[in-house]
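*Asks:* All chains should be modelled from the sequences, with the hints used to inform the complete structure.
Protein chains: 2
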Amino acid sequence: MNRHPATWQWDDVRFFLAVARTGSLSSAARMLRVGHVTVGRRIALLEKRLGVVLLSRTPDGFSTTLAGQAILQQCAAMESAALDLERIAAGRDSRVSGTVRLTTTEALAHQLVVPAISALRQAHPELQIDLTLGVRVLDIARRDADIAIRLARPATPELVCRKLGEVGSSLYASRRYLAKHGTPRRGQGLGDFDVITYTGAPAAARPFFMGESLEGARVATRCDNPLVQMRAAADHSGIAELACFLGDAEPDVVRVWPDEPPALRTAWLVVHQDLRRSARIKVVASAITDAFHRQLATLRNGHAVKRSAAAALART
Amino acid sequence: MNRHPATWQWDDVRFFLAVARTGSLSSAARMLRVGHVTVGRRIALLEKRLGVVLLSRTPDGFSTTLAGQAILQQCAAMESAALDLERIAAGRDSRVSGTVRLTTTEALAHQLVVPAISALRQAHPELQIDLTLGVRVLDIARRDADIAIRLARPATPELVCRKLGEVGSSLYASRRYLAKHGTPRRGQGLGDFDVITYTGAPAAARPFFMGESLEGARVATRCDNPLVQMRAAADHSGIAELACFLGDAEPDVVRVWPDEPPALRTAWLVVHQDLRRSARIKVVASAITDAFHRQLATLRNGHAVKRSAAAALART
DNA sequence: GGATGTCTGTTCATTATTGAACAGCATATG
DNA sequence: CATATGCTGTTCAATAATGAACAGACATCC
Numbered sequence: 001m002n003r004h005p006a007t008w009q010w011d012d013v014r015f016f017l018a019v020a021r022t023g024s025l026s027s028a029a030r031m032l033r034v035g036h037v038t039v040g041r042r043i044a045l046l047e048k049r050l051g052v053v054l055l056s057r058t059p060d061g062f063s064t065t066l067a068g069q070a071i072l073q074q075c076a077a078m079e080s081a082a083l084d085l086e087r088i089a090a091g092r093d094s095r096v097s098g099t100v101r102l103t104t105t106e107a108l109a110h111q112l113v114v115p116a117i118s119a120l121r122q123a124h125p126e127l128q129i130d131l132t133l134g135v136r137v138l139d140i141a142r143r144d145a146d147i148a149i150r151l152a153r154p155a156t157p158e159l160v161c162r163k164l165g166e167v168g169s170s171l172y173a174s175r176r177y178l179a180k181h182g183t184p185r186r187g188q189g190l191g192d193f194d195v196i197t198y199t200g201a202p203a204a205a206r207p208f209f210m211g212e213s214l215e216g217a218r219v220a221t222r223c224d225n226p227l228v229q230m231r232a233a234a235d236h237s238g239i240a241e242l243a244c245f246l247g248d249a250e251p252d253v254v255r256v257w258p259d260e261p262p263a264l265r266t267a268w269l270v271v272h273q274d275l276r277r278s279a280r281i282k283v284v285a286s287a288i289t290d291a292f293h294r295q296l297a298t299l300r301n302g303h304a305v306k307r308s309a310a311a312a313l314a315r316t
Numbered sequence: 001m002n003r004h005p006a007t008w009q010w011d012d013v014r015f016f017l018a019v020a021r022t023g024s025l026s027s028a029a030r031m032l033r034v035g036h037v038t039v040g041r042r043i044a045l046l047e048k049r050l051g052v053v054l055l056s057r058t059p060d061g062f063s064t065t066l067a068g069q070a071i072l073q074q075c076a077a078m079e080s081a082a083l084d085l086e087r088i089a090a091g092r093d094s095r096v097s098g099t100v101r102l103t104t105t106e107a108l109a110h111q112l113v114v115p116a117i118s119a120l121r122q123a124h125p126e127l128q129i130d131l132t133l134g135v136r137v138l139d140i141a142r143r144d145a146d147i148a149i150r151l152a153r154p155a156t157p158e159l160v161c162r163k164l165g166e167v168g169s170s171l172y173a174s175r176r177y178l179a180k181h182g183t184p185r186r187g188q189g190l191g192d193f194d195v196i197t198y199t200g201a202p203a204a205a206r207p208f209f210m211g212e213s214l215e216g217a218r219v220a221t222r223c224d225n226p227l228v229q230m231r232a233a234a235d236h237s238g239i240a241e242l243a244c245f246l247g248d249a250e251p252d253v254v255r256v257w258p259d260e261p262p263a264l265r266t267a268w269l270v271v272h273q274d275l276r277r278s279a280r281i282k283v284v285a286s287a288i289t290d291a292f293h294r295q296l297a298t299l300r301n302g303h304a305v306k307r308s309a310a311a312a313l314a315r316t
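Taken in order, these protein sequences are the chains called A and B. Numbering follows our numbering, with no gaps: position 57 of the first sequence is 57. Numbering follows our numbering, with no gaps: position 128 of the second sequence is 128.
Among the hints, erroneous ones may be present.
Pairs of lysine to any residue, SDA-like flavour, derived with a Cα cap of 20 Å [claimed, not checked]: (1) A/Lys48 <-> B/Val96; (2) B/Lys48 <-> A/Gly51; (3) B/Lys48 <-> A/Pro125; (4) A/Lys48 <-> B/Ala297; (5) A/Lys48 <-> B/Arg95; (6) A/Lys48 <-> B/Gly51; (7) B/Lys163 <-> B/Ala297; (8) B/Lys282 <-> A/Gly51; (9) A/Lys48 <-> B/Ile129; (10) A/Lys48 <-> B/Asp84; (11) B/Lys48 <-> A/Glu126; (12) B/Lys48 <-> A/Ser94; (13) A/Lys282 <-> B/Gly51; (14) A/Lys48 <-> B/Arg294; (15) B/Lys48 <-> A/Leu127; (16) B/Lys48 <-> A/Thr99; (17) A/Lys48 <-> B/Asp11; (18) B/Lys48 <-> A/Glu86; (19) A/Lys48 <-> B/Ser94; (20) A/Lys48 <-> B/Gly98; (21) B/Lys48 <-> A/Lys48; (22) B/Lys163 <-> B/Arg294; (23) B/Lys282 <-> B/Gly51; (24) B/Lys48 <-> A/Gln128; (25) A/Lys48 <-> B/Leu83; (26) B/Lys48 <-> A/Leu83; (27) B/Lys48 <-> A/Asp93; (28) A/Lys48 <-> B/Ala279; (29) B/Lys48 <-> A/His124; (30) B/Lys48 <-> A/Arg95; (31) B/Lys48 <-> A/Leu66; (32) B/Lys48 <-> A/Asp11.
Pairwise CB distance ranges, derived in the manner of DEER restraints [claimed, not checked]: (33) A/Val53 <-> B/Leu264: 44 to 54 Å; (34) B/Arg95 <-> A/Ser24: 21 to 31 Å; (35) B/Ala76 <-> A/Ser94: 23 to 33 Å; (36) B/Gln73 <-> A/Ser94: 15 to 25 Å; (37) A/Arg57 <-> B/Glu79: 27 to 37 Å; (38) B/Pro157 <-> A/Pro157: 29 to 39 Å; (39) B/Thr199 <-> A/Ser24: 39 to 49 Å.
If you're looking for bench data, these hints aren't it; they were derived computationally from the structure. All values derive from a computational prediction rather than experimental measurement. Note that beta-carbon positions come from the ideal geometry of N, C-alpha and C, so glycine has one too.
*Replies:* Structure below.
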């Protein structure tokens, strides 16, 4: 039944794909977590066994030859099947052990995830959590993570979303900044103030802070990490839109409009449908859901005590 | 970008598939040309890495668990992509070296293929021919062979057929058998004679020899190998339908009806479309086509000299 | 120009994988 | 009942794959 005198290794396809995608042996090696030597050798072997040259050296890195292009589609098909297979197997794993890859924003990681999984690991010491922070929504669909906690609901049909609750955010700045520049008037926009925004949008994609126009505002700092944004606000850089649970916990910033209710966004827990039934996924998902529900008020309104204190301060 | 702390080996899927299909470690090992120990180890590793038990021991061999069934489809998809990939690569191989897997019937192998490839290998010593004999038509579509020479045109769309020419066959028996039982009359069927047929059909699928009904005939021997059929006829077992080039070359058998023209069947050369452009496939295919054309008369009518001699003999 | 970083190719010691040989077990076969 | 056959599991020596370290090439930055 064996088809070839010298049967080739399916695994080599992973090496070929990595080099074809990254364009260099070294970056492919990093991606695959092996030495670059190994990558080169495996590619050479694959080419020898298939009897075709797949990659050619160019001034800047490797590029696929025509033959390489011709098989790329089948290689991708193998990869896709392999990923499916892996996920389906993980979904049938009834043990509460192994690795769960989790992705969420920095702020929610601090407030919600880290305490939840610390407690969880008391009960399940064999469970390991890989936490990847960032704002990319693509991660789950590309299977770079098992669970995502997101403030936007993804539309992809194979992803299952569970509503966690609402997260409130408000505008924050340092006391000194507000004293120096004054407090913007609600409903008049943030023109002539300094704002701290996310990098992705040059103010075009996110032109509003709590409904206030950023028209005419100076962008002081752009950073995708909300904790760094908060740090920037605390250092008197300007006004940032922060989650209330975050801003209220930091003594160096206060709400710009203490009496204004927070702007609410819904938080979703996102899982690939194949992983829904996995025991360890369920355990982690429900630990996060529980943690969210325990902190429902804080996540929505921030820390009430701090808020009234800040309001009192601001009024003086 | 690496998805798992301990990345699994795609190659292990081949081991799993082999065991799932054969039901035992040893036969899977033979199929994969490795030791049975390796198969067991790889399966164990795969199960450990996926965190799922894929195979369970039963009184007679291994059988797939529910989890194993769940991933079988993805495994097959990987295999299919791998085979496609292999074939496409082979189709782009411009060297005239390596292995060409050829399948045909025993008779045509003797008469046509062996001389053709012997001559071919003078010109291309690096070319190796794997010759698989048998009547199965499925081989090419399942990619167990690169080239097939068949007397029936397969309907599968991805296979490319080239008409080689016509092969004539006739009924043969030993002189002693005909002397003892008499010569059947043309048009009256083979009732009350002994016939040598193929195994596949219990006379139901092939109820005719040169248009003669086998109704009432005794089946003396069934064998899929035409050379063995001829041997049986030579040993006075009964009447066989043989290719003329074969029967005419054997002194111990004669045509039952020497003056009857042979029954003609078209011979096809079958190649997978992906392999059409491969240099070595083209070389072998044209060598076979040439050999066929050189022997056109012989393949159609057998050996004329022998035939008239036999006819003379039969008439005495 | 010199320094720095990234990339590839080579060498060699380390490590992981492999299969031959053997033993145990079950099932046919005489 | 003895024998033969086929399968699995274990051990260990031989083999194959791997990566750290180094060297050379190329580009970029100061």
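*Asks:* Hint by hint, say whether it matches the structure.
*Replies:* Results for each hint:
1. A/Lys48 <-> B/Val96: holds (14 Å)
2. B/Lys48 <-> A/Gly51: violated (34 Å)
3. B/Lys48 <-> A/Pro125: Given pair B/Lys48, A/Pro125 holds - Cα atoms ~18 Å apart, limit 20 Å.
4. A/Lys48 <-> B/Ala297: violated (43 Å)
5. A/Lys48 <-> B/Arg95: Given pair A/Lys48, B/Arg95 holds - Cα atoms ~12 Å apart, limit 20 Å.
6. A/Lys48 <-> B/Gly51: Judged against 20 Å, a Cα distance of about 34 Å means the pair is violated.
7. B/Lys163 <-> B/Ala297: Holds. B/Lys163 to B/Ala297 sits at ~16 Å (cutoff 20 Å).
8. B/Lys282 <-> A/Gly51: Satisfied, since the Cα-Cα distance of roughly 16 Å is no more than 20 Å.
9. A/Lys48 <-> B/Ile129: Within the cut-off at roughly 19 Å; holds.
10. A/Lys48 <-> B/Asp84: Judged against 20 Å, a Cα distance of about 17 Å means the pair holds.
11. B/Lys48 <-> A/Glu126: holds (15 Å)
12. B/Lys48 <-> A/Ser94: Since the Cα atoms of B/Lys48 and A/Ser94 sit roughly 13 Å apart, the hinted pair holds (cutoff 20 Å).
13. A/Lys282 <-> B/Gly51: The hint holds at about 16 Å.
14. A/Lys48 <-> B/Arg294: violated (37 Å)
15. B/Lys48 <-> A/Leu127: holds (15 Å)
16. B/Lys48 <-> A/Thr99: At roughly 13 Å apart (the allowed maximum being 20 Å), A/Thr99 and B/Lys48 satisfy the hint.
17. A/Lys48 <-> B/Asp11: Holds - the C-alpha atoms of B/Asp11 and A/Lys48 are around 18 Å apart, at most 20 Å.
18. B/Lys48 <-> A/Glu86: The given pair, whose Cα atoms are some 12 Å apart, holds under the 20 Å limit.
19. A/Lys48 <-> B/Ser94: holds (13 Å)
20. A/Lys48 <-> B/Gly98: holds (11 Å)
21. B/Lys48 <-> A/Lys48: violated (32 Å)
22. B/Lys163 <-> B/Arg294: holds (15 Å)
23. B/Lys282 <-> B/Gly51: Not satisfied, since the Cα-Cα distance of roughly 47 Å exceeds 20 Å.
24. B/Lys48 <-> A/Gln128: holds (16 Å)
25. A/Lys48 <-> B/Leu83: holds (17 Å)
26. B/Lys48 <-> A/Leu83: It holds: about 17 Å lies between the C-alpha atoms, which stays within 20 Å.
27. B/Lys48 <-> A/Asp93: holds (11 Å)
28. A/Lys48 <-> B/Ala279: OK: A/Lys48 and B/Ala279 at ~16 Å, within 20 Å.
29. B/Lys48 <-> A/His124: holds (19 Å)
30. B/Lys48 <-> A/Arg95: holds (12 Å)
31. B/Lys48 <-> A/Leu66: violated (38 Å)
32. B/Lys48 <-> A/Asp11: Holds. B/Lys48 to A/Asp11 sits at ~18 Å (cutoff 20 Å).
33. A/Val53 <-> B/Leu264: 44 to 54 Å: holds (46 Å)
34. B/Arg95 <-> A/Ser24: 21 to 31 Å: holds (28 Å)
35. B/Ala76 <-> A/Ser94: 23 to 33 Å: At 24 Å between Cβs, range holds.
36. B/Gln73 <-> A/Ser94: 15 to 25 Å: At 21 Å between Cβs, range holds.
37. A/Arg57 <-> B/Glu79: 27 to 37 Å: holds (32 Å)
38. B/Pro157 <-> A/Pro157: 29 to 39 Å: Holds, since B/Pro157 and A/Pro157 (Cβ atoms, about 32 Å apart) stay within the stated range.
39. B/Thr199 <-> A/Ser24: 39 to 49 Å: Since the Cβ atoms of B/Thr199 and A/Ser24 sit about 58 Å apart, the hinted range of 39 to 49 Å is violated.
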